[in-house]
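Residue numbers (my numbering), protein chains in the order written: chain A, 1 to 322; chain B, 1 to 251; chain C, 1 to 295; chain D, 1 to 381; chain E, 1 to 240.
In short, the hints are calculated from the structure, not lab data.
All of these numbers come straight from a predicted model, not from anything done at the bench.
Each hint should be verified, as a subset may be incorrect.
On the chain A side, residues computed to face chain C include the following (Cβ under 7 Å) [unchecked claim]: (1) Arg114; (2) Leu281; (3) Ser282; (4) Leu286.
Derived DSSO-like pairs (lysine-lysine); straight-line CA-CA distance at most 30 Å [claimed, not checked]: (5) E:Lys33 - C:Lys89; (6) E:Lys63 - A:Lys318; (7) D:Lys228 - D:Lys304; (8) B:Lys118 - A:Lys18; (9) B:Lys17 - B:Lys62; (10) B:Lys80 - A:Lys212.
Only part of the chain C face toward chain D is listed, based on derived beta-carbon distances under 10 Å [stated by the list, open to error]: (11) Ile119; (12) Pro132; (13) Glu133; (14) Ala151; (15) Val225.
Built from N, CA and C at the ideal position, the CB exists for glycine as well.
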Amino acid sequence: MTTQVLNSRVNKTMNKTKLSFLILLLVGLVAPFAIYPVFLMKLLCFALFACAFNLMLGYGGLLSFGHAAFLATGGYITGHTIMQWGLTPELGVLAGTLCSAGMGFIFGKLAIRRQGIYFAMITLALSQLVFFLYVQTPFTGGENGLQGIPRGELFGLFSLEGNLPMYYFVLAVFVIGFAVIYRTIHSPFGQILKAIRENEPRAVSLGYDVDKFKLVAFVISAALAGLAGSTKSLVFQLASLTDAHWHMSGEVILMTLLGGVGTIFGPIVGAATVVTLQNYLSQGPLASWVPVILGLIFVICVLLFRSGIVGEIQKFMKKNFN
Amino acid sequence: MSQDFVLETQGLIKEFKGFTAVDDVNLQVQRGHIHALIGPNGAGKTTCFNLLTKFLTPTHGKILFNGTDITRQSPTDIAKMGMVRSFQISAVFPHLSVLDNVRIALQRKLGTSFHFWKSERSLDVLNDRAMALLEEVDLAKWADTVTVEMPYGRKRALELATTLALEPELMLLDEPTQGMGHEDVERVMALIKKVSVGRTILMVEHNLHVVSSLSDRITVLQRGAVLTEGPYEEVSRNPQVREAYMGSEAA
Amino acid sequence: MAELLGFPPQVLFGQLLIGLINGSFYALLSLGLAIIFGLLNIINFAHGAQYMLGAFVAWLGLKFLGVNYWVSLILAPVVVAAIGIAIEKTMLRRLYKEDHLYGLLLTFGLALIIEGSFIHFFGVSGQPFSAPELLQGGNNLGFMFLPTYRAWIIVASLIICFGTWYMIERTKLGAYLRAGTENPQLLQAFGINVPLLITLTYGYGVALAAFAGVLAAPIYSVSPVMGSNLLIVVFAVVVIGGMGSIFGAIVTGLLMGLIEGLTKVFYPEASTTVIFLVMIIVLLIRPAGLFGKEA
Amino acid sequence: DISDNEVRIGYLADMSGTYSALAGPGGLEAAKMAIEDFGGKVNGKKITIVSADDQNKPDIGANKVRQWIDVNNVDMVAGMVSSAVTIAVNKVVEAKDKVSLVSGSASSSITNQFCTPNSVHYVYDTYALAHGTGEAVVKEGGDSWFFLTADYAFGHAMEADVTEVVKESGGKIVGGVRHPLATNDFSSFILQAQASGAKIVGLANAGADTTNSLKTAKEFGVVQAGQKIAGLLIFLNDVHSLGLETTQGLQLTTGYYWDRTAETRAWSKRYFDRTGKMPTMVQAGIYSSVTHYLDAIKAKNSDKASDVMAQMRETPINDFFAQNGRIREDGRMVHDMYLAEVKKPSESTGEWDLYKILRTIPADKAFRPLSESKCKLVAGR
Amino acid sequence: MSSDMKKDIEQLRIADLHAFYGESHILHGIDMKVNRGELVTLLGRNGSGRSTTLKSIMNMVGKRTGSIMVNGNETVGMPAHQIPHLGVGFCPEERGIFASLNVEENLMLPPTVRSGGMTLDEIYEMFPNLYERRMSPGTRLSGGEQQMLAMARILRTGANLLLLDEITEGLAPVIVQTLGEVLLKLKDKGLTIVLVEQNFRFAAPLADRHYLMEHGSIVEEIASNELEEKMDLLNTYLGV
Ligand SMILES: Nc1ncnc2c1ncn2[C@@H]1O[C@H](COP(=O)(O)OP(=O)(O)OP(=O)(O)O)[C@@H](O)[C@H]1O
Ligand SMILES: Nc1ncnc2c1ncn2[C@@H]1O[C@H](COP(=O)(O)OP(=O)(O)OP(=O)(O)O)[C@@H](O)[C@H]1O
Ligand SMILES: [Mg+2]
Ligand SMILES: [Mg+2]
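Here chain A stands alone, though its shape is the one from the complex (with noise of 0.2 Å):
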């Protein structure tokens, strides 16, 4: 795919990204003076979500269609151990992440041997069969969702309750999650992805277990995605089948493209200008035409800038600034 290049040319790249990086990050300190924290809260998870699912398709060339059963067992874990163990916020969100990447090491020992789209449709499927699990079994609350999650004290200690305290343990998951997705990147094992993705029989040839190297990315991008969705539950105090359903899959496919694929910032843009969207338009008049508009974003976006808003910009740059 086009991202080939672009992610070629990270490396050189790689301190305007610290730059950049440190710029998001100081707008994100100030930014829940001026916007609604819980929105903010919304876009962070959504962000990280983005993210995860973009280290499998941007950097290790996998489409995965089932990533929403790893946000959802993030929040359902961590709702529950909540509010049945008592557990306090940053234990459950732990365990919520444990549990998606260990459902995410059992899709991948499935999955991971299939190429294109026969491993995007056994991932749907297995989020399929995860999502007839979460209407089955009670714990889950069915349709219902768990509801009302208290956000508890982080460490025992500070109170989660007010939106500004939540937003700051929210942004300090996002930079943990999204430090993690950069550095696995720029790593030994990043290279060996690279390279898998690019000539995976040669990789093969030289004595790389590519399925290994496959099944890790897997399974930190699933820890990574129920990160997300641990946090959403405590952000929303509810974890509902919403999440696990393939519709979110979808979306964050969406955001990831929209943002551009195998950038490392394309995710967070993607993530802000779909949820963005969804929350403006949601009420007021254009309400009812909201999935039209998306649909139309969606072609605009596939026909004109295919390789997302960050991928087209940094294009431009390439062309007009070296």
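Based on the hints, put chains B, C, D and E with the ligands in the right spot on chain A.
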């Protein structure tokens, strides 16, 4: 006695539904030799080759590498054991720099390939070795180019360099000079000669010029079975071989 | 009367028949998807919407122009195919060189647009559409009451499916299709008008969807969302059959209908999920699907 | 006094999904009517309304309401269809101490285990439907039932309620299937229903699932073959879109029917002129509930939740929608319900002439008695 | 029919041909002319643009400018699928055998563009391997067998201008010899052949003329009788 045979096959058979592509082949590749596999089209060379490199699994028969049975092992495993294949179509990582290509190959021995928490700078220790390898195939000055941008012959050279990076005991080359202009053919021949020192090489090749000037020993396949075996002079004199494969060309 | 797994055999038999009927819808739809994927290398996410369009064109035709069912059965597919061709010529065309993820996303976008606008204008609640006189009523087969219309569905769809299959696997045109699937540029270099071939193929695939839509109109309510639920199931069918395998798509379609039918008896809760379970199992055993060729 | 000198109402409902016809845009229209009829002002303070589509997703609904309250200072939320959304929203509303008037949701758990002091369940619930329809049907000899149940909490609740009723009134359950939400083909289930030999096929599902069940039942000649269908959650719009041919003879329980009295006809006529459709019980209920809320504010000259809720509880509801309706401490608004039967095409005189009211189910019979309540607010619990 | 009578009929004329793959400009103004019944070769290093030249004639490149006359018809701006019907047969360097078609279907695929093509029997006679495996899927053939198939395929169509790219690639010497003989036969039948070859030893005796390519332009035209004195030139360009 099978000591000085790096690679050995015993009664190797490969059948594709109702059709025997490789028929009871007993191949013995001597350590340090450049061993060529030739034969008419459809004789079963590539199939044979794919069996040896585990891209196909034999219907019957055994494959021994240094005396150990590797018939059931995975491509990854045998690569680790020091038996490395180089591809017919040039096998490089097109969008990585030439240096990175070699580094990927070297990286494995570092044992940090799964460390997703380490910085990739931790790989810079490999650069010297990588450059050395590039020197060996005189690609040093290309080190920073993105691989796609290199001409065909160079890519083959790079591929060889990456293969060497694994310090293979046995190299398997499938038509190494295929689709090359004469210049490149000469260069690659020189390369093969150079790297064959202290190594064993098994190659499939149609270019008689290459075969005659490189190989110590030749196995001729026909219809999946071994027709004859021996040094070039001997083989090329064999009337059957001429009739089935060389035609009047060899002389 | 001997019981089979706790069910009188005739009940099971009825269920299997019903399964077959639903299966023939899957077959029609997955056939269209498979053809489109084969030649255009595009995963047509708009397929569900186009199925819905078929039903709606028939419904609108009846409501406003008094076009009867039999005419719609031909007309609706043609109309929808025309729309499809327009889409292909204006949009899909630009994507063939790209990763097929993009085709998927474009068609997904189109599906959202089409369904969204229809919801806006017609709402989601189903529109009534009655079967033609000729096919109303039904007859009692002893083990079950079979509405004539359901019988007609099986007949119609099987004819279309196997007709299509024959066309592709056994005729010269089919050979062109298969060749074009692999290497359109070269086929072009042999003097075959590939762009036209592609356009028509997409049109045909879409027409199949629309045809299924018209068939469905009298038994499922005609509603803008009628396709979206069906879509991923049909995908699963195509994948189980083996991407691009025509025969696979048809047979698997019917097969999944049966399996789903049985599930509806023994574990109804799972009836919409079972297909995915099957898919996982199949892909683990046969990585390229039941009838797909290993890469 | 009235917070930031404005009464702000948020209308939350499924605006485009399966349930959009029973509340949706029509409900919003009804709410607006209520405000207009109130003169757009209460004690000189402007009344404004915002609306949103919850897509039947609890997280979207809850999040929207949270934002309404945090950012737009919304005082009251009306509408609300999907029970899941309602329960989630009520949690938020309670936490933020605002008011919610639930008109669209069915689940009786809203005023039972999930009850809150800040919400009113206004129009109907599963208990009422189950008892209304269930009892009537069994009385008329429909004593063996087979259920088509939507496989989620609402469906299960419905089935459970009806089962209880049927057993109490001496009937028995011979079987049932639990079908996934939004199943596209019901023929298999109908076949099982026929094979079961039950006299009554009870539909414990909603929206598209119900209409599809009915279509298929018609197609397979369920009724001709001598079985009867009991639609447990069927709204005027469903019957209207399915047509009498398919639905005739269906018995159902409703909280409102436009053609019942002069008042209902008068109001419904006005609604019809605005929307081109006759109101469902939910849409009528929305008008009634909003009006009742505004009256309470007017009386107390305050939009503080506790004041308003108290006032609303004290004053009985007497309008075109309900006679002597009253709001119990568990938030349940109890009023008369009606057992209706869908007319035969021959009996119908117009597009919207769909029901004949068989009898009235008095308020005290219609809803779950407090004695059985699990609600934390009910005295003695 | 004596071939010198047709010699001066112009089968192919290329003037100032530029070809592009997306951004990259590959051919820089090619001029060449082939008469009916002639066999000319394009020689050059890897990447010198020989295949691209053939592909441009078939309109298989990204973009092309200049003029390409086939049998007196301008083909620049002509859609790709019409060009073959002017009597052009193309055998691509990557063979392009169709996996989903069996050997025979592969053979029968290209529509006949003129009368007088070889019959199936004649082809099978020429390539017995193909007959043996005629029912097996095209790509199941060995490298060489596929090469034969690719060649045979266009002989059926009756095209009278053949563009052959590296047809001896991966063929056993014996087959190469037979192929040489085939080409001569075809030449005698009055077919025009443009041959891209690495294997100079193979091409030299067959060709009437050679075009020498370098970096996407023609640097030298050599008639077969001048080969001797231009040998050193070839050496510098090809290292023969
Ligand atoms: N997957 C397969 N299925 C069926 N037959 C096959 C398959 N692969 C190869 N064959 C047949 O086996 C025979 C040997 O094939 P192979 O590719 O090994 O020949 P080869 O010696 O490499 O010939 P060449 O020099 O032309 O490449 C051929 O006749 C070919 O048709
Ligand atoms: N599809 C393509 N996209 C971009 N560049 C291409 C493409 N195909 C070929 N090229 C470039 O065009 C140039 C000429 O390629 P061409 O295949 O014509 O060379 P050639 O003379 O046929 O050599 P050989 O076929 O022996 O490799 C090369 O530099 C090659 O990299
Ligand atoms: Mg071979
Ligand atoms: Mg070439």
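Ascending list of hint numbers which this structure does not respect: 2, 3, 4, 5, 7, 12, 13 and 14
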